[in-house]
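2 protein chains.
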Amino acid sequence: MNVGHRPLVTDENAALFTDLYELTMLQAYWRERRTHTAVFSLFVRRLPECRNFLLACGLDTVLDYLEKLRFTAESREFLRSTGSFDNAFIDWLAAFRFTGSVFAVPEGTPVFAEEPILEIVAPLPEAQLVETFLLNQIQLQTVLASKAARVVRAAAGRTVIDFGLRRMHGTDAGLKAARAFHIAGVDATSNVLANRVFGIPVSGTMAHAYIQSHDDELDAFREFARSWPDTVLLVDTYDTLDGVRNVVRLAAELGNAFRVRGIRLDSGDLGDLAKQARRILDDAGLDGVRIFASSGLDEESIRALLADDAPIDGFGVGTRMGVSEDAPALDIVYKLAEYGGRGRLKLSAGKRVLPGLKQVFRVEDHGRAVRDVIARADERGPGRPLLHEVMKDGRRLDAAPVALDDMRRHAADELALLPDHIRDIEPADPPWPVSISESLEAAWRALARQAGE
Amino acid sequence: MNVGHRPLVTDENAALFTDLYELTMLQAYWRERRTHTAVFSLFVRRLPECRNFLLACGLDTVLDYLEKLRFTAESREFLRSTGSFDNAFIDWLAAFRFTGSVFAVPEGTPVFAEEPILEIVAPLPEAQLVETFLLNQIQLQTVLASKAARVVRAAAGRTVIDFGLRRMHGTDAGLKAARAFHIAGVDATSNVLANRVFGIPVSGTMAHAYIQSHDDELDAFREFARSWPDTVLLVDTYDTLDGVRNVVRLAAELGNAFRVRGIRLDSGDLGDLAKQARRILDDAGLDGVRIFASSGLDEESIRALLADDAPIDGFGVGTRMGVSEDAPALDIVYKLAEYGGRGRLKLSAGKRVLPGLKQVFRVEDHGRAVRDVIARADERGPGRPLLHEVMKDGRRLDAAPVALDDMRRHAADELALLPDHIRDIEPADPPWPVSISESLEAAWRALARQAGE
Chain Y
0 MNVGHRPLVT
10 DENAALFTDL
20 YELTMLQAYW
30 RERRTHTAVF
40 SLFVRRLPEC
50 RNFLLACGLD
60 TVLDYLEKLR
70 FTAESREFLR
80 STGSFDNAFI
90 DWLAAFRFTG
100 SVFAVPEGTP
110 VFAEEPILEI
120 VAPLPEAQLV
130 ETFLLNQIQL
140 QTVLASKAAR
150 VVRAAAGRTV
160 IDFGLRRMHG
170 TDAGLKAARA
180 FHIAGVDATS
190 NVLANRVFGI
200 PVSGTMAHAY
210 IQSHDDELDA
220 FREFARSWPD
230 TVLLVDTYDT
240 LDGVRNVVRL
250 AAELGNAFRV
260 RGIRLDSGDL
270 GDLAKQARRI
280 LDDAGLDGVR
290 IFASSGLDEE
300 SIRALLADDA
310 PIDGFGVGTR
320 MGVSEDAPAL
330 DIVYKLAEYG
340 GRGRLKLSAG
350 KRVLPGLKQV
360 FRVEDHGRAV
370 RDVIARADER
380 GPGRPLLHEV
390 MKDGRRLDAA
400 PVALDDMRRH
410 AADELALLPD
420 HIRDIEPADP
430 PWPVSISESL
440 EAAWRALARQ
450 AGE
Chain W
0 MNVGHRPLVT
10 DENAALFTDL
20 YELTMLQAYW
30 RERRTHTAVF
40 SLFVRRLPEC
50 RNFLLACGLD
60 TVLDYLEKLR
70 FTAESREFLR
80 STGSFDNAFI
90 DWLAAFRFTG
100 SVFAVPEGTP
110 VFAEEPILEI
120 VAPLPEAQLV
130 ETFLLNQIQL
140 QTVLASKAAR
150 VVRAAAGRTV
160 IDFGLRRMHG
170 TDAGLKAARA
180 FHIAGVDATS
190 NVLANRVFGI
200 PVSGTMAHAY
210 IQSHDDELDA
220 FREFARSWPD
230 TVLLVDTYDT
240 LDGVRNVVRL
250 AAELGNAFRV
260 RGIRLDSGDL
270 GDLAKQARRI
280 LDDAGLDGVR
290 IFASSGLDEE
300 SIRALLADDA
310 PIDGFGVGTR
320 MGVSEDAPAL
330 DIVYKLAEYG
340 GRGRLKLSAG
350 KRVLPGLKQV
360 FRVEDHGRAV
370 RDVIARADER
380 GPGRPLLHEV
390 MKDGRRLDAA
400 PVALDDMRRH
410 AADELALLPD
420 HIRDIEPADP
430 PWPVSISESL
440 EAAWRALARQ
450 AGE
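From first to last, the protein sequence lines stand for chains Y and W. First residue of the first sequence: 0, per numbering that gives the first Met the number 0; consecutive thereafter. First residue of the second sequence: 0, per numbering that gives the first Met the number 0; consecutive thereafter.
No false leads were slipped in.
Over 12 Å on every C-beta distance to chain W, these chain Y residues come out as not near it, computed from the model:
| id | residue |
| --- | --- |
| 1 | Glu113 |
| 2 | Glu252 |
| 3 | Phe257 |
| 4 | Asp281 |
| 5 | Gly287 |
| 6 | Pro384 |
| 7 | Asp392 |
| 8 | Asp404 |
| 9 | Asp405 |
| 10 | Ser434 |
| 11 | Arg444 |
For lysine-lysine, the following DSS-like pairs were computed, each having C-alpha atoms within a straight-line distance of at most 27 Å:
| id | chain 1 | residue 1 | chain 2 | residue 2 |
| --- | --- | --- | --- | --- |
| 12 | W | Lys391 | W | Lys67 |
| 13 | Y | Lys350 | W | Lys274 |
| 14 | W | Lys350 | Y | Lys274 |
| 15 | Y | Lys67 | Y | Lys391 |
No lab work stands behind these hints: they were computed from the structure. All residues carry an ideal CB built from backbone N, CA and C; glycine is no exception.
Sequences and hints are given; from them, build the entire structure.
Encoded structure:
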């Protein structure tokens with residue numbers, strides 16, 4: 000286990016990436032032999048106000064974790080060294096594996112409040128322990144995919160590039176974000192490692208420091224185009240329109256050798272500057288040079304720029320998408336819904352849990368989705384079931400993981416089925432209709448009645 | 000390199016954890032032999048509206064990264080496979096190391112807008128490449144430490160425990176957060192791995208699932224207290240006050256063997272429930288049983304609870320601190336301030352960069368800090384310098400990294416020097432005064448004049 004300055008969560012120590020209470024409960028379950036089958040549902044209780052839907056993401060990470068989960072000798076030694084746990088319990092952890100089933104919606108599926116994103120069916124201790132990691136990863140990746148889907152929507156077909164790595168929350172978020180964004184429709188990322196690991200298209204050209212390190216902006220452009228002829232030149236280091244004029248000068252100098260693909264605006268009134276820059280470029284016959292914009296962009300500002308006819312061909316979107324600034328977290332939970340064959344209830348104020356294994360049916364009409372129904376898993380539902388068994392006896396059911404491009408296509412297809420007012424970035428009125436099936440409602444009422452007796 | 004489902008950023012591939020433009024610029028610098036000494040400043044341009052100060056954090060991670068930075072054969076092979084880079088450039092990367100100096104404020108130091116958190120002095124390509132990782136880590140850890148300092152302030156001496164792991168942004172954030180929170184004064188974490196890796200006190204008892212898995216709440220309490228006699232019992236699964244009464248029943252059953260340390264409220268009107276619970280416990284002679292609260296807490300709600308005299312002894316704080324919900328990102332940048340011995344300017348609208356190597360002086364009067372001055376590094380300043388050389392020729396100057404407890408003490412000491420209205424959670428009026436020294440101002444004006452000519 001790496002205990003240096005750059006500690007890592009690896010296959011070797013991931014079992015310790017958990018809240019202490021999972022382990023204290025585990026020891027109690029072990030002592031009580033409370034190891035019957037449990038059903039846990041992972042879902043979002045309420046959507047953030049600024050989200051009409053969520054785009055489920057993170058399943059692949061979770062399945063990999065479940066397959067590899069074990070307490071290594073070193074992890075067990077650590078637990079022993081704390082003096083808090085029973086030695087026989089720690090010995091029992093040596094053989095601990097995840098042996099259960101996972102039912103989940105595919106990554107890239109739009110989901111709504113109270114709808115299970117995944118359900119776990121496993122002996123109680125196994126299903127319990129994994130709570131922290133599952134929530135951590137599903138929330139992170141779902142938060143980011145959901146935000147990106149909005150940005151892509153606002154960009155209305157123009158290029159969107161993820162520039163957020165420097166202001167994301169750490170290295171894990173940086174990698175997972177590039178993947179989540181790509182599933183949600185973002186075209187490329189600045190993140191080189193994400194290109195290496197996931198094969199996501201990578202993009203990037205120059206920063207202000209490059210320009211500043213030269214005594215003269217035109218000189219910097221000239222040198223950079225020598226190294227990277229089909230680059231995008233950053234024009235706002237000193238004065239944006241002067242920068243654009245320097246690009247025109249460079250084009251005149253290079254003649255037929257001029258292959259610069261575009262310019263990037265990174266400060267000021269982007270809409271106004273884009274219009275002026277477009278005019279300068281067009282007047283010089285450089286109508287093939289595209290205009291990219293960055294600097295504090297999000298779906299709202301992109302929408303406003305395009306509504307104002309800003310001639311911007313692509314957007315570099317950083318911080319606000321990278322941390323999902325308007326909704327960095329979800330009210331996402333992982334709740335016991337059944338134990339030992341009996342539905343389980345929780346009545347804490349405002350925190351209802353629907354009992355038992357469930358299914359979500361998406362009802363379509365003339366090729367458009369019209370509503371969802373949350374039902375018992377064994378019901379014959381009114382529409383298309385969204386949850387599928389993806390793991391059984393602790394093993395993935397698909398030999399090969401789903402390809403990233405297929406997830407991306409799935410997301411686009413599923414989003415296309417939703418009505419415009421739900422896919423759009425303004426708050427949906429009315430919101431997406433989700434109902435509870437009569438049978439599930441009855442099961443919940445029966446349990447609540449029982450508890451009240 | 001791990002390219003599986005759980006990709007990791009490791010010492011082996013960290014050089015690729017970067018924006019593509021760092022590498023394209025690097026190749027241009029290499030081709031132009033633009034390798035003179037550069038000075039970069041890492042700072043926050045503006046504080047978020049809801050922050051009176053930031054608590055600098057993340058330096059240790061950064062120094063470790065800089066010491067280990069290299070392009071492994073595998074990383075170079077990958078870059079070659081992209082077909083984008085010059086082969087001779089990739090060969091040159093084999094010997095690439097960080098050989099520069101780092102000047103930084105110690106972790107746990109309060110800092111303000113425009114004040115360098117760290118400055119890098121190194122050959123331009125080295126100083127350039129590290130931008131993405133440095134920003135990613137300093138921002139993450141500074142964002143989280145700054146939020147936690149507010150929560151600790153609001154809790155006014157009561158216990159604060161980090162419950163946020165499940166809703167933080169990924170595994171790296173989960174580990175780094177526990178550390179940043181501890182430096183900022185948080186007492187303990189639920190994160191077992193953070194206890195393993197950093198030695199941070201760990202805390203946690205039970206979740207609703209444990210209660211629900213039993214047919215009866217009192218039964219669940221009884222069983223859990225058998226496994227964990229000095230536990231904290233979660234009382235709100237069905238009805239909070241009934242839960243408290245079940246704790247009283249358990250105390251009656253166990254008599255002298257009753258060692259339960261506390262109860263936890265996790266839903267509803269926490270202040271009102273705490274008062275009623277306190278009364279029930281006290282009436283039963285259980286005045287030693289402490290009351291803990293959790294559920295959507297942050298500095299504002301903690302302040303409100305305590306202002307209303309809620310008898311709460313400790314707070315479990317999760318999501319809102321875990322993602323710094325009200326300010327999940329900073330306007331944090333890393334800017335070229337000098338190259339080849341000349342200060343460098345950037346004039347982009349609203350994005351001033353102060354030239355050259357700098358120092359921040361904190362001026363004190365009668366044992367209280369009263370203002371800061373940002374000056375040139377070679378000035379004799381009016382107060383105590385905050386930046387220190389921590390790395391030289393690519394090597395840390397301190398043989399042993401600073402102990403976490405020392406950073407925690409440093410943070411407490413430095414915060415204690417600030418006026419109450421700055422440390423407090425309400426927006427500071429007036430804000431902390433930061434001025435630019437005459438000499439630095441003159442250097443900036445001279446450069447701006449030159450650029451205007």
